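> Modelling step: build the complete structure from the supplied sequences, incorporating the hints.
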Amino acid sequence: MTTISKKLASNTSGISFKSLSMANDSMKNVLLPLIGVACFLVIWAIAASNIQTSLGQFPGPSHVMEQFGTLYQEHVAERDKATSFYERQEKRNAERVAKDPNYQPKTRAYTGKETFIDQIFTSLTTVLSGFILAAIVAIPLGIAIGLSKSLNTAINPIIQIFKPVSPLAWLPLVTMVVSAVYTTSDPMFAKSFIVSLVTVTLCCLWPMVINTSVGVSSINADWVNVSKVLSLPSWVHIRRIVLPAAVPSIFVGMRMSIGIAWMVLIAAEMLAQNPGLGKFVWDEFQNGSSQSLSRIMAAVIVIGLIGFLLDRSMLSLQRILSWDKDSAKR
Amino acid sequence: MLTKKLSKFNKSICSAVLIGCSAITSLTAQALGYPEKEELKFGFIKLTDMAPIAIAYEKGFFEDEGLYVTIEAQANWKVLLDGVIDGRLDGAHMLAGQPIAASIGYGTSAEIITPFSMDLNGNGITVSNEIWKQMKVNIPKQADGKPVHPIKADALKPVVEKYADQGKPFNMGMVFPVSTHNYELRYWLAAGGIHPGYYAPHKGDTSGQLDAEVLLSVTPPPQMPATLEAGTIYGYCVGEPWNQQAVFKGIGVPVVIDYEIWKDNPEKVFGISKTFAEKYPNTTIRLTRALIRAAKWLDENNNANRPEAVKILSQSNYVGADYDVIANSMTGTFEYEKGDKRAVPDFNVFFRYNATYPYYSDAIWYLTQMRRWGQIHEDKPDSWYKDVAEQVYRPDIYKKAAKSLIDDKLMTKEDFVTVFDEDGYRNPQTHFIDGIVYDGTKPNEYINKFSIGLKSGTTL
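As you go down the protein sequences, you meet chains A and B in turn. Numbering of the first sequence is given in our numbering, commencing with residue 382 and proceeding in unit increments. Numbering of the second sequence is given in our numbering, commencing with residue -2 and proceeding in unit increments.
Keep in mind the hints are simulated off the structure, nothing from the lab. Just so it is clear, the structure is predicted and the values come from calculations on it, not from any experiment. There may be inaccurate statements among the hints.
In silico contact screen, one side only, chain B against chain A (beta carbon under 8 angstroms); selected entries [unchecked claim]:
| no. | residue |
| --- | --- |
| 1 | GLU36 |
| 2 | TYR65 |
| 3 | VAL66 |
| 4 | THR67 |
| 5 | ALA70 |
| 6 | ALA72 |
| 7 | ASP83 |
| 8 | PRO219 |
| 9 | PRO222 |
| 10 | GLU226 |
| 11 | GLN242 |
| 12 | LYS246 |
| 13 | ILE248 |
| 14 | ASN314 |
| 15 | ASP319 |
We put the beta carbon where it would ideally sit given N, CA and C, even for glycine.
This is the structure we're talking about:
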């Protein structure tokens, strides 16, 4: 790498030192990751060709790429089936109305399978809803804890005990409680969605609470004094002093939380067979077909990519909202 | 609440009147009312014998009945049963023993009924390569050097004894305590003089390993090959495609199929809760109609539709195994040892021989095996067996469905030749691997015929 950049540097001797170093930087930012990925692919391909499982060879990069194509085609085929499903339904409803004028025709959702792409969106919706719910609870709670020493002392033990609990330990409890409590004849959300959502919320609550409270309690004393001197009402104090000062640490908590939320969700979906990418992985494992491993690998890559994108989007959100731009560079 | 009930009542009067009116105009077509519940969710376990459900969906038989069905794979038999009990599922592909056991309160207690028997045969017993090597020396050979079938457990007995001498437990897997597979594996082992162990639920022992020479434990069907490969169990009894999967993976050898243990034995049933059937009578008949049509389609023209069925089943949302693996058993053949592929045209029967009719005698056979192995821990009179069977198996619903299919000209009288004169008891059945004859009308007499197993008067 260094030799390449040296060669390039010697070729572009006419350019000023500053722009050269900038070009060098951006090249590093683009080239180095590319080289990393290329090396990984090569190692993967070599390793894969040497692993024999009872389901055949471990999938290499090319198999997985192929599988992405297949998964997309399956999605398109399923959409076609859905269209004809709705057409048939419309026809049937019309026929019935003709026979039975009192009948209120109803359009039912497509009953076919969820494709890989559907599962991605299911998982994304679940993780975001769970995360937002957690944030709505955690941030005000964190601020309250940060502002009041005695509240902090009171609640801290609970947080410390629940923070390290694995999501999978919560899952059976959540499942039973949701089935017992959430009983309506025409539910707006599926039970499985609520179960996944609550599990995600329970697990990603704690980092946000802790980081928010730490951020709030460690505000520069001068600023607090300014607020006291101006005798700001407490709401204004929170809005003008506390929140802006705590934003960086709130976001640190949120980034940790969304990472946890995503990991928890996949595990919960696998265990509880709730719709989503986790279920996709588990189903494929159960199928045990010669395609299963490459389909699971495709899912692994998508899960990783989405996790990465979630983290990045949280970071850009932080850049937009935070006054301390430095804290958002990592 | 009252007004709601009243309006419901009004509605039902309206619809009754409407149905009555249209019945006059087109006497046959409208005899059966519209389904009360149109959106249904059915559960299944990834096994080829769930085919009638998949076919009824894919071929539009459910939609023809005005039913919009979602089909969902379940993690294991327990989850599936709980789903039907708590209403998460409206119905499911079940082990024949499940509705029976639930009704007599063994395991989870609930009232589950079955209007439709899903298939005959379809299971196999597979042992690991290591065990097969040791078994093979005890099996007589045919002229072409291949082992003589059916292979009896006599060939396994010396192997089990050798493990016992070395102090090693001999573990085998089956799919559920009240599954056909448990009883078939036990039947086969006991017929070869190997004791599979007793249950003693009244003493809190539900492991089924009392006095056992072979220790049986539960593993969900799709995980069987992986568990065998890991060495946790030395063999298993499971439905297809998980025996053929072992052959394809090269990790085990199917030694016997249930067709050889008991020719044309009843396998899965379609289970719904009794409350569902009472609350939604039209829906119940309609879903039975769709399933009967699907079963007929599967066996039609001498299995001509099977390749298409295999293609559907190999989709990842149904069974999901490779086409070749599923096709091996679904298209009239079965591969034992790699390369030893034999013709078994009746390996999976979905419609022939009245396969879909819920026979009382089939239910009673399961009850006799529950008594034999101690799951029913005390003596019961013959009349009790009969009562339980009549409570769970519902040929009345089946007959209504069959009748209306004929009325609607969707099927013919020839499809249901003996159905309408059926008393629910098959003639004494002779095709068991140990030659013992089963007569469903005399369960206690049958139980006393076995040399291994509890008899009348014995309690543990």
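> A separate judgement is required for each hint: does it hold in the structure or not?
Hint-by-hint comparison with the structure:
1. Contact between GLU36(B) and chain A, as hinted, is supported at the beta carbon level, the nearest pair being about 6 angstroms apart and thus within 8 angstroms.
2. This hint holds: TYR65(B) has a C-beta 5 angstroms from the nearest C-beta of chain A, less than the 8 angstroms allowed.
3. With its C-beta approaching chain A no nearer than about 6 angstroms, VAL66(B) sits inside the 8 angstroms limit, and its interface hint holds.
4. Of the supplied interface hints, the one on THR67(B) holds, with its beta-carbon coming within about 5 angstroms of a beta-carbon of chain A, less than 8 angstroms.
5. The criterion of a C-beta within 8 angstroms of any C-beta in chain A is met by ALA70(B), whose closest approach is roughly 7 angstroms, and the hint holds.
6. Here the hint on ALA72(B) is kept, as its CB sits about 5 angstroms from the closest CB of chain A, short of 8 angstroms.
7. Restraint check, ASP83(B) versus chain A: the minimum CB separation of about 7 angstroms is within 8 angstroms; hint holds.
8. A least Cβ separation of about 4 angstroms between PRO219(B) and chain A falls short of the 8 angstroms threshold, and the interface hint therefore holds.
9. For the restraint placing PRO222(B) at the interface with chain A, the shortest Cβ-Cβ distance is roughly 7 angstroms, inside the 8 angstroms limit, so the hint holds.
10. Below 8 angstroms, beta-carbon pairs count as interface contacts, and GLU226(B) has one with chain A at about 6 angstroms; its hint therefore holds.
11. Interface hint at GLN242(B): satisfied, since its Cβ lies 6 angstroms from the closest Cβ of chain A, which is below the 8 angstroms cut-off.
12. A cut of 8 angstroms between beta carbons decides the hint on LYS246(B): the least distance to chain A is about 4 angstroms, and the hint holds.
13. The interface hint given for ILE248(B) holds, since its Cβ lies 6 angstroms from the closest Cβ of chain A, which is under the 8 angstroms cut-off.
14. For ASN314(B), the suggested interface contact is upheld, since its CB lies about 4 angstroms from the closest CB of chain A, less than 8 angstroms.
15. Given the 8 angstroms rule on beta carbons, the hint for ASP319(B) holds: about 5 angstroms separates it from the nearest Cβ of chain A.
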